[in-house]
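A.B. asks: Sequence:
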Amino acid sequence: MCLEKDPLRRWTCDQLLRHPFFDNFSFKYPEGDLYEFEKLKTFREKSKNGHYVNIASTLFPQIPSNNQSPDLTRPLKVAQKHFDHLPDI
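If you use full-length UniProt numbering, the sequence shown closes out at 89, no skipped numbers anywhere.
Fair warning: there could be bad hints in the mix.
[Said to hold, decoys possible] Pairs of lysine to any residue, SDA-like flavour, derived with a Cα cap of 20 Å:
| hint | residue 1 | residue 2 |
| --- | --- | --- |
| 1 | K46 | Y35 |
| 2 | K46 | L34 |
| 3 | K46 | Y29 |
| 4 | K41 | P30 |
| 5 | K5 | L17 |
| 6 | K5 | H19 |
| 7 | K28 | L8 |
| 8 | K39 | D23 |
| 9 | K5 | D23 |
| 10 | K46 | E36 |
| 11 | K41 | F22 |
| 12 | K28 | C13 |
| 13 | K28 | L16 |
| 14 | K28 | E38 |
| 15 | K28 | K39 |
| 16 | K5 | Q15 |
| 17 | K28 | D14 |
| 18 | K46 | P30 |
| 19 | K28 | K46 |
| 20 | K41 | E31 |
Don't read these hints as lab results, they were simulated from the structure.
Required output: the full structure, derived from the provided sequences and hints.
C.D. replies: Structure, rendered in structure tokens:
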């Protein structure tokens with residue numbers, strides 16, 4: 001059922017959760033995880049409303065550097081050197 005590769009034949013998550021295997025199944029988060037989840041949920045909701053300034057700069061400060069970002073438009077030459085030791089056929 002859930003391992004079916006064809007998406008048209010594969011059961012949805014909702015269908016799988018309604019399968020008799022999950023009857024009388026009750027999942028509980030561990031207390032620590034539940035606390036962290038609620039804290040993140042509250043933060044996310046307040047962030048959407050503009051109550052919090054973007055704290056990403058505080059959590060992940062920018063490291064001063066003279067290096068430029070890599071040019072992603074140029075192909076990498078590293079992959080070609082990786083196979084230099086193999087003989088030509």
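A.B. asks: Given the hint that K28 pairs with D14, test it: the Cα-Cα distance must not exceed 20 Å.
C.D. replies: OK: K28 and D14 at ~19 Å, within 20 Å.
A.B. asks: Is it true that the CA of K5 sits at most 20 Å from the CA of L17?
C.D. replies: 18 Å, holds
A.B. asks: Below or equal to 20 Å on CA atoms is what counts here, so check K28 against L16.
C.D. replies: 19 Å, holds
A.B. asks: Check whether the Cα positions of K5 and H19 lie no farther apart than 20 Å.
C.D. replies: Answer holds: K5 to H19 is near 19 Å, not above 20 Å.
A.B. asks: Given the proposed pairing of K5 with D23, does the C-alpha separation stay at or below 20 Å?
C.D. replies: 25 Å, violated
A.B. asks: Decide if the proposed pair is consistent with the structure: K28 and L8, CA atoms, cutoff 20 Å inclusive.
C.D. replies: Cα-Cα ~32 Å, so violated.
A.B. asks: Tell me if the straight-line CA distance from K46 to Y29 falls inside 20 Å.
C.D. replies: 23 Å, violated
A.B. asks: Does the alpha-carbon distance linking K41 and E31 stay inside the 20 Å limit?
C.D. replies: 15 Å, holds
A.B. asks: Between K28 and C13, is the straight-line Cα distance small enough, at 20 Å or below?
C.D. replies: The given pair, whose Cα atoms are some 19 Å apart, holds under the 20 Å limit.
A.B. asks: Could you grab the alpha-carbon distance between K46 and Y35 and see if it respects the 20 Å cut-off?
C.D. replies: Holds, because 17 Å separates the two Cα atoms, which is no more than 20 Å.
A.B. asks: Given the hinted pair K46 and E36, is their Cα-Cα distance within 20 Å?
C.D. replies: OK: K46 and E36 at ~15 Å, within 20 Å.
A.B. asks: Would the hint linking K28 and E38 be met if the CA-CA limit is 20 Å?
C.D. replies: 14 Å, holds
When the structure is compared with the earlier hints, violations turn up for hints 3, 7, 8, 9, 11, 18, 19 and for no others.
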